Amino acid sequence: MELILGQIPWIVMPIIFPLIGSMACFLFPAKAKSLGLLTSLVVLACVTRLGWQLKALGSLRYPMGGWGAPLGIDLYADGLSLLMLLMAALVGLGISIYSSSYFSRDKARHFWPLWLFLCGALNALFLSADIFNLYVTLELLGLTAVALVALAGGADALIAAMRYLLVSLLGSLFYLLGVALIYHSVGSLDIAILAQRVEPSPAMWTAVGLISTGLLLKTALFPMHFWLPPAHASAPAPVSALMSALVVKASFYILLRMWLEFFQTQGAAFANFLGLLGAAAVLWGGIQALRQTQLKLLIAYSTVSQLGYLFLAFPLGTSIAWKGALYMLFSHAMAKAAMFMAAGNIQFFAGHDRIAELGSITQRLPLTLTAFALAGISLMGLPPSGGFIGKWLLLQASIESGQWWWGIILLLGGFLAAGYVFKVIAHVFTHDEPTSRTVTLPATMEWSALGLALIAVLLGLFTYWPLAMLEMGSPFGTGHSG
Amino acid sequence: MSNIYLYALLGVGLFILGIYSLIVYANLLRKILAINVMCTGVFLVLVSLASRNHNVQPDTVPHAMVITGIVVAVSATALALILMLKINKAIGKSEFPDKDCE
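Chains X and B supply the protein sequences, listed in that same order. Take the first sequence: its position 100, counted from the start at 1, is 99 in numbering that gives the first Met the number 0, and no numbers get skipped. Take the second sequence: its position 14, counted from the start at 1, is 13 in numbering that gives the first Met the number 0, and no numbers get skipped.
Think of the hints as simulated: they come from the structure by calculation, not from any bench. All figures in this text were calculated on a predicted structure; none of them were measured in a lab. Mixed in with the good hints, there may be bad ones.
Okay, the calculated bits of chain B under chain X, using three or more residues with CB under 8 Å as the criterion [unchecked claim]:
| id | stretch |
| --- | --- |
| 1 | 19–30 |
| 2 | 63–72 |
| 3 | 75–88 |
Pairs of lysine-lysine, DSS-like flavour, derived with a Cα cap of 30 Å [as the list claims (entries may be wrong)]:
| id | chain 1 | residue 1 | chain 2 | residue 2 |
| --- | --- | --- | --- | --- |
| 4 | B | 92 | X | 30 |
| 5 | B | 92 | X | 106 |
| 6 | X | 106 | X | 32 |
| 7 | B | 85 | X | 32 |
| 8 | X | 106 | B | 85 |
| 9 | X | 30 | X | 106 |
| 10 | B | 88 | X | 106 |
Note that the Cβ used here is the ideal one computed from N, Cα and C, for glycine as well.
Isolated chain X, as found in the complex:
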C-alpha cells in the first residue's frame, strides 16, 4: 500500500484529464481542436501507464481523497477495466483525429467539450468500484451521448436524440431501483463486499431482474434495440462511431462486472435466456442490416447483430468464453468505429449514403474503402482479425462445454455479416463512371479510419497481449468456474 501511495495515482488520471480538457475546450473554443487532441493523447498515455502498474500489481484499489469505502468513493482497476479503458482510449484518439477535420467551426465548439466529458464519464465508469457510482457515471454518459446525437441538428436527429434520452433514463431508473433493493437487502454498495455477502433471495432476484432489464435496454439487446438504429444513424459520423464503438459497451461492461461478481449465483436459466436473446439479436440484426438501403443504417443494424455475440458467453460461462466475448467487444469497437468513419467519409464526399449509388464514388476513395473492407473482415470473423479470434474462442468454449448450438449461431452470424459487408464492397468492382465531384477529403479523416481498421485486423495477429491483459487480477476467477 505504501508503494502505491508514494506514486502518482495513475488510476485517477484517465478521469481527471478529460474533465479538465472538457472545461478548457468550453472556455477556449478557438483552441478546442488542439486541446481535444492533446487530451486524447494524454489519456492514452495515462491508461498505458496504469496498465504498466497493473502488470506488476494485478489489480488496484484506490480510495479517492483517502476517505475509504462507506463514505468516500473507491476506484478499482483490473485486467477487465484496463481492456475497456484501452479500447476507449484508442477509439477516442481515432475519433479525435477524425473530428479535428470533420466539424465546422460552429459545431466543433459544442462537440469537443461534450466528447471529452463523455470520455471522462466512460473512464470513470470503467473504474468504479460501487454500484451507485456506476449509476452516476451511466447517467453522465447517457446525457452527454444524447447531446452529441442531437448535434446533427435536423428533425430526424432531434427525434432520435429524444427517443434515446427517454430510453436511457428509463434504463437508468430500472437500474437505480435495483440498486435500492440490493442496498436494502445486503447493506452495501461496494461490488467486492456484495460479492461476499449476496445470497439468493426474492429481493435479490427482483433486483437482478430490474438491473438487467435496465442495462439490456441501454445495451440495445434484441428486442430492446429499437432506439439504436435511428440514434446511431442520424448522428454526425464521429458521434455514430463513438456510440456504436464505446457507449453501448459501457452498460454491457456493468452487466458483465456484476454477473462475474455476484449475479451468476442466480441460476442457469437466466444465463440461457440471455444467450437466446443474444442469438436472436445476431440473426435479426444481420437480416435487418441486409435489408437496409442506407449505409449508416446498415452499419447501425450490424451493431445490433454484433452486440448479440457478446451475450452468447453468458450461458457458456467459462473463462475462455468471457475472453472470446471481450475479444469480440474490443475488435468490434475498432472495426465499427472505422466503419462509421468510412461511412462519414463517403457521406462527406458524395453528400448522401445511399448504397445503390456508391459505385461512382468508390474509385475516388480507395483509402476509405480499404478501411471499410478491413473493418468488414473483422466483423465477418475472417482470419486474421480480432473478430476471428473472438469467434474462435467462443466456438472453442461452446464445443468444450457441450453446448454446440451456440456455435451454429456464430457461423450463421458470420454469413450474414459477409452478406451485408459485400453488399457495400461489391460496388468497388462495378464499371460505373467515377464521379466528377471535386470535394477534397482531409487526409486525417481517411487515415484515422484506416488506422482503427488496421488495429482490428492486427488484433488477430497479436493475441498475446490482450489475452494476458485479461488475466490481470483474474476478473473471471480461476480455472473454468468462470
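Starting from the structure of chain X, add chain B where the hints point.
Frame of chain X, contents of chain B only:
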C-alpha cells in the same frame, strides 16, 4: 416496520404509474413528466428503506444517493425539455412522428 414498507410500496406504485404514462401518452411533455414521477418513486423507495426500524437512526447513505439522484433528474429534465422545444420548432408538434416507430 409496516409503515416503511407502505412507503416503499407507494414508491413502486409511482414507478409503475410512470412507466404506464411513459408508454401510453404520445405528448413529449407527458413523457418527461412520467419519467419524473418514476424518479420520485425510486427516491421514495430509497428513503423509506433507509430506516430499517424505528429505534435506530436512519441510514444516511440512501439519503446521499437520493440527493445525487435529484441532481441527475433535474439535469436530465432540463435536457429533455430543451430537446422537446427544439423538436416542436422543427416539426411543429411535441410528439414523435408515427412512421419511424419500427
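(message) Under the constraints set out in the numbered hints, which ones does this structure not fulfil?
(response) 4
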